[in-house]
Amino acid sequence: MAPKGLFFTENHEWIKLEGDTATVGVTDHAQESLGEITFVELPIEGKELSAGDEAAVVESSKAASDVYSPAGGTVTEVNNALEDNPETINESCYEDGWIWKMTVKDKSEVEGLIDEQAYNKYVEGLE
Amino acid sequence: MPFISNTDQQRHQMLEAIGMTMDGLFADIPQELMTNSLNLPKSMTEQQVRSHLAEMAGKNHIDLTCFLGGGFYDHFIPAAVYSIVSRSEFYTAYTPYQPELSQGTLQAIYEFQSSVCRLTDMEVSNASLYDGGTAIYEAMMMALRITRRNKIVIDDSVNPIYRVMMDSYTQNLKIELEQTTSIDGLANREAILDKLDDKTAAVILQNPNFCGCIDDFTDIAQAAHEKGALLIVSTYPISLGILKTPGQMGADIVTGEGQSLGLPMSFGGPYLGFMASRKKFVRQMPGRIVGRTTDRQDRRSFVLTLQPREQHIRRDKATSNICSNEALCALTALVYLSLMGKEGLKETAQLCADKASYAYQRITAIPGVEAHFRSKWFFNEFVVDLPCDAADVVAKLIEKGFAAGFPLRRYYNDMENSLLISVTEKRSKQQIGLLAEALESVL
Amino acid sequence: MKLVFEKSVPNRRGVRTSPSDVPTSINIKSELLRGSTPTLPELSELDVVRHFTQLCQRNFGVDTNFYPLGSCTMKYNPKVADRIASYPGFAHIHPLLPQLRLGGMLTQGALQVLYETDMLLREITGMAGYTMQPMAGAHGELTGMMIMAAYHRDKGNHKKTVLIPDSAHGTNPASAAIAGFKVKTIPSKDGVMDLDAVKESLNDDIAGVMLTCPNTLGLFNPHIRQLCDLIHSVDGLAYYDGANLNAIVGQARPGDFGFDIVHLNLHKTFATPHGGGGPGAGPVGVCQRLVDYLPVSIVIKRDDGTYALEYDRPKSIGYVAPFYGNFAVVLRAYVYMLMLGAKGLKRVAENAVLNANYIRHKLKDYYKIAYDRVCMHECVFSTTAKMAENGIRAVDIAKALIDRGFHPPTVYFPTIVRESMMIEPTETESMETLDAFIDAMIEIAELAQSDPEKLKAAPEKATVNRPDETKAAKELDIASL
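Line order of the protein sequences matches chains A, B and C. Residue numbers for the first sequence follow our numbering, beginning at 143 and rising by one. Residue numbers for the second sequence follow our numbering, beginning at 6 and rising by one. Residue numbers for the third sequence follow our numbering, beginning at 17 and rising by one.
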């Protein structure tokens, strides 16, 4: 079950808004369908993103998944610990397995995404 | 019917079992799109086809003494090579998707990758590419991805056959492909440094180069790295038995044509493209890669790895579209290198260099024939200037039983009298002498 | 098993090089030398022969047993073709020989092989001209897309998008992208490319469509002609991926469907050995209006009956290979076509389709069939709901087949069917072989209910058991240095 207070995309990214900045990662459903994650391609700090841009790639031994930015803004920090321990996403996708932090240009873009209840329902519908 | 096991009776039985007719099986194809009959020659039996093809093979003149090279060579091939690679367990398998049934192919690819790294002094390699030319193209694409730049500098001492391929491949892409003109047989430092800028993704060079000259690109590697660009070196694997390696020079990506490693010339293919690189670039490498791991019982095993780079997973975002490569040719090269061993490869390379050196002395001693370059370091090929059109001379020497070399005017406008002569370990002192005499007689 | 390098013994030799008959004149200055010998193994000829013979015994080929790897067409490869490819008159020709003055006359036999293969393929596929240069199927795709780009550039069209169905081989979108196009994925309806979705996507930016027919589900699109017409209506080109030509060879021709560009996988349809992952050959054929764009050189037949290489083709896309493609592979396919003739080729398709439908019919009560209708050369199954309840996945079925002496089908492709198993029996297999395979599949389906743990433990008889792919990707040991 997805945690409260986060916003979600149908491509299984989550975004957590804190003031003008936000943290982004992939959901439990995403990590589970990929299997054990072997590699994360992180965005470059300072990169300008629009909502829907490809920002990162998450790979397992037999699959790869693009991670799209849920909102527009600038990357301020990336989770470098994932380079050595990509499996952190499997173990803690909503906490230690975050992928990048960013400034958010337009908060309404985030608030317009689905909440955890709608996302849980969406995932149920996929199965 | 040839190669079909089922008899008419069995076909009938099977149709009955599934309750269908043969026409019914093809019912999805609209009637107007079906072909009544193809206009093809009457089918042949094995006996007929063998005698027909033997006759056609007889129309190819393989009795000429071969001094043709240009990146493709008449080297000696030990009998054991053919014997091993024609084992049908290798021959009739496909891409090793099921590791439990493919440990033979997988381990062989791992050993091939290792051999390429050991030859070139690089850290990682892949399972093979189509040929030496497409390997340069793939290396260029790899450099563009790594550097996120779009300019490539290539020296005209790189095999012109590969350079024309690069022209074709880059036509629809937003790539600036800039060429420098070599000086006295060596890469043009001044022009390369001049073109190197912060848009340059890579410099592409070849050693020994198309004209056989040997160079050391250490200085160019340094200059490229200072500008954040990569150095791609195309190489001739036999020469690496003795020559300074691309790894020692500081190359970032190494490519080459592996035909010289046990593959017959076969009128142009199948050949073998290989590629090696630094480990930090491995995720941008194209093609299959085999990795070592363990199985459920902790036994050493081999599997295809880093597959998310590839087309069957990443589709339009893959590092390359390559699927089938030249696996059996890579196996051939591995078997060849294993048989030659470290001493055998070194001796073969030395023999090539010595015989070429002897041929050079004999041929440049002919009145009117001169060495084209002042640079005296060459491997197994060299260029001489004749007193007349080289293409005419080669045509006359064909009548005397020699494929005397490759006239260079086809690719270099200012070299109409120049001839590229190649010598492998298969050529004897006597054959070289006869070539020199024949050449002198037609001038 | 030890690596070849681990068997090395100092000073052991596999090959004795011939003594030099010229003066040894180390004529290269030392700065240009490597300074040490490459660390290749030191082994006797016997060591090498035994190492690789033991390796090949850890392999499985078509000659071993049934190899129904969907989409790969693992049919029997006639030995006579290999024999002919090893004739010295073919194996020992230097590729530059015909490029010398008078040299063409020295290679008439080889040029004739290329010319006649071109003619045979034209007739079989209904195209107007071929290039033999592409060295594999995907290389043919790239060549075809370069031709598509050249056509549009020549006409002043600014078209950037290629339509590709979601069931396509991964090579299709990869080839289009590498050639500089954007890819738009079109969903399937009833297992084939949805005509309405294509209509909705049509606009001036559409450069063409790229598809296989029958597709990777083994289904023939009955609206194929209309689909090509639609693409032509916006001056787009239709590209036929010939990976599945095996299903219709001798029966119907992509040229007649309206396709403009075709690539063939000679190693699939025309029975050349797959070599553990190549070499293949991927000739590209085009319709009349695209002939000028084919790569150089092309073999022509002159009025006097001799063959020659033609280079003067100003609109050509240039060279995609150094010479004339994988000649020895083309030669094998030529031999195969000569031996089969028109009737034989027609029989190929008939038997390929019959064999696939026989398996489909016999297994559909035991596995979930993706599309319960007549298939062409291959059929796609997946695990049943009951199997899934027991935790049985396609990979378990595949590994259990290994214990029963069969190569598994292609699994997890096409990706639009979950837990997919794609079975392509090919025409060369007999009813007895199919029956034995069917029995094994039924036994496995029953075990999925009675003893699922046994399946999850498979394979027990292979040299290794489910190597750890995650470990391979994370530790990344890809060369012994």
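Some hints here could point you the wrong way.
Claimed, not checked - Within a straight-line C-alpha distance of at most 25 Å, the following computed BS3-like cross-link-like pairs (lysine-lysine) qualify:
#	chain 1	residue 1	chain 2	residue 2
1	C	Lys-205	C	Lys-384
2	A	Lys-204	C	Lys-171
3	B	Lys-351	B	Lys-285
4	B	Lys-322	C	Lys-384
5	A	Lys-189	B	Lys-351
6	A	Lys-189	A	Lys-158
7	B	Lys-179	C	Lys-490
8	A	Lys-189	B	Lys-285
9	A	Lys-189	B	Lys-431
10	A	Lys-189	A	Lys-249
11	B	Lys-347	C	Lys-490
12	B	Lys-179	A	Lys-189
13	B	Lys-285	A	Lys-204
14	A	Lys-189	A	Lys-204
Just so you know, these hints were derived from the structure itself, not from any lab.
Going through the hints against the structure:
no. : hint                     : verdict
1   : Lys-205(C) to Lys-384(C) : holds (18 Å)
2   : Lys-204(A) to Lys-171(C) : violated (42 Å)
3   : Lys-351(B) to Lys-285(B) : violated (30 Å)
4   : Lys-322(B) to Lys-384(C) : violated (32 Å)
5   : Lys-189(A) to Lys-351(B) : violated (51 Å)
6   : Lys-189(A) to Lys-158(A) : holds (19 Å)
7   : Lys-179(B) to Lys-490(C) : violated (34 Å)
8   : Lys-189(A) to Lys-285(B) : holds (22 Å)
9   : Lys-189(A) to Lys-431(B) : violated (59 Å)
10  : Lys-189(A) to Lys-249(A) : holds (18 Å)
11  : Lys-347(B) to Lys-490(C) : violated (32 Å)
12  : Lys-179(B) to Lys-189(A) : holds (23 Å)
13  : Lys-285(B) to Lys-204(A) : holds (21 Å)
14  : Lys-189(A) to Lys-204(A) : violated (28 Å)
Hint check: violations occur at hints 2, 3, 4, 5, 7, 9, 11, 14; the rest are consistent with the structure.
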